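Spelled out, the chains give:
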Amino acid sequence: MPYLSGSLEAAGAVVDILIGVSQAKATLLKKHAFPVPSPIHTRALLDTGSFLSGFHPRVFQDLDLSAFDEIEITTPSTTGGGTFRVERYWVSLSLVAEGRVCPMPDCSVFATDSWRPGDGVEALIEWTSSASVTFNSWVRIADSLWPSECRWTTSPASITMPA
Amino acid sequence: MTFALDNHAGVGQNAGMSTTLKTELETFRREFPNLLAEPANHEKFVLIHGETVAGIYPDLKSGLEAGLEKFEFAPYLVKRITAYEKPPYFSRNLRCPT
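The listed protein sequences correspond, in order, to chains A and B.
Per my numbering, numbering through the first sequence is continuous, rising by one, with the last residue being 164.
Per my numbering, numbering through the second sequence is continuous, rising by one, with the last residue being 101.
If you're looking for bench data, these hints aren't it; they were derived computationally from the structure.
Fair warning: this is a prediction, and the values are worked out from it, not measured in the lab.
Treat each hint with caution, since some may be false.
Here are the simulated distance ranges between beta carbons [claimed, not checked]: (1) D114/A / K25/B: 34 to 40 Å; (2) H42/A / L39/B: 39 to 45 Å; (3) Q62/A / T26/B: 17 to 23 Å; (4) D114/A / E29/B: 24 to 30 Å; (5) E46/B / G50/A: 41 to 47 Å; (6) A12/A / R33/B: 24 to 30 Å; (7) A86/B / G83/A: 19 to 25 Å.
One side only, chain A facing chain B, incomplete, derived with CB under 7 Å [to be verified]: (8) L29; (9) L53; (10) S67; (11) D70; (12) E73; (13) I74; (14) T75; (15) T76; (16) S78; (17) W91; (18) S95; (19) S115.
Virtual Cβ for every residue (Gly too), placed ideally from N, Cα, C.
Input sequences plus hints: build the corresponding full structure.
As structure tokens, then:
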């Protein structure tokens, strides 16, 4: 079971994230001798209450990514069966701590500008598995989301990789 | 059984937002009844480019990879074929474009 440890901030359980093009997109870019955009660093809030992950639109623009789908979602403000339409993107995500990078499987996220200046957060990572949570000491991350070879053990955030 | 067609026009509080997938979404809307009528397609993913259904794939990842392989940098849509898809919940409010 992978572990993530860190201190709770005013915004909540915030982690450093690198978001980049998917492995398949990187392969295509290399095939045509195009440069592969460097992953973009941002800070993301881990949220047990969300069922999908959202990132600031700037990251998709900077990565020159195109949406592959649009879906409808609900938010706290949608009522009476109302929904919002959002664009989905296929990306690579990695956790970062103490200079170490812990890659996650490529996944779909969507673009949203719902971040407030000063929050220090431009992304929200969903957390939908049944993983148990103890926020006051450490956070256990879903097996389905994080690769098992990544183990986060101390606070503030750090990574211990198996030999 | 309730069938919820992913109807691009007029659905969602921000319906009408600009999209690079307008043609593909219209194609999906047009082809959706035919796709759903084939039981073998259920819960699989359709790849659409322009007005063409380019393939059916067992999962999202393989559909996306096929899209990149076939259409490279051109827009394409990969969408689940399902009778009803509950809109997922996002815990922050979104800004409604004006």
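Here is what the structure says about each hint:
Taking the beta carbon of each, D114/A and K25/B are about 21 Å apart, not inside 34 to 40 Å as hinted. The supplied range of 39 to 45 Å is met by H42/A and L39/B, whose beta-carbon atoms lie about 42 Å from each other. At about 22 Å, the CB distance of Q62/A to T26/B agrees with the hint of 17 to 23 Å. Taken as a hint, the range 24 to 30 Å holds for the pair D114/A and E29/B, whose Cβ atoms sit roughly 26 Å apart.
Between E46/B and G50/A the beta carbon distance is about 26 Å. The supplied range of 41 to 47 Å is therefore violated. A C-beta distance of roughly 44 Å is found between A12/A and R33/B, which places it outside the suggested range of 24 to 30 Å. Between A86/B and G83/A, the C-beta spacing of about 21 Å keeps the proposed range 19 to 25 Å intact. The closest approach between the C-beta of L29/A and any C-beta of chain B is roughly 5 Å, which is under the 7 Å cut-off, so the hint is satisfied.
The interface hint given for L53/A holds, since its Cβ lies 5 Å from the closest Cβ of chain B, which is under the 7 Å cut-off. Taken as an interface hint, S67/A checks out: its beta carbon lies about 6 Å from the nearest beta carbon of chain B, inside 7 Å. Because the smallest distance between the Cβ of D70/A and any Cβ of chain B comes to about 5 Å, under 7 Å, the interface hint for this residue holds. Among the interface hints, the one on E73/A holds; its C-beta lies about 4 Å from the nearest C-beta in chain B, closer than the 7 Å criterion.
Here the hint on I74/A is kept, as its CB sits about 5 Å from the closest CB of chain B, short of 7 Å. Satisfaction of the interface hint for T75/A is found here, the shortest Cβ-Cβ separation to chain B being roughly 5 Å, below the 7 Å cut-off. Contact between T76/A and chain B, as hinted, is supported at the beta carbon level, the nearest pair being about 5 Å apart and thus within 7 Å. Restraint check, S78/A versus chain B: the minimum CB separation of about 5 Å is within 7 Å; hint holds.
Taking 7 Å as the C-beta contact cut-off toward chain B, the hint placing W91/A at the interface holds, the least distance being around 5 Å. For S95/A, the interface hint is violated, the least distance from its beta-carbon to any beta-carbon of chain B being 18 Å, above 7 Å. With 7 Å as the threshold, the beta carbon of S115/A comes within range of chain B, its nearest partner Cβ sitting at about 4 Å, so the hint holds.
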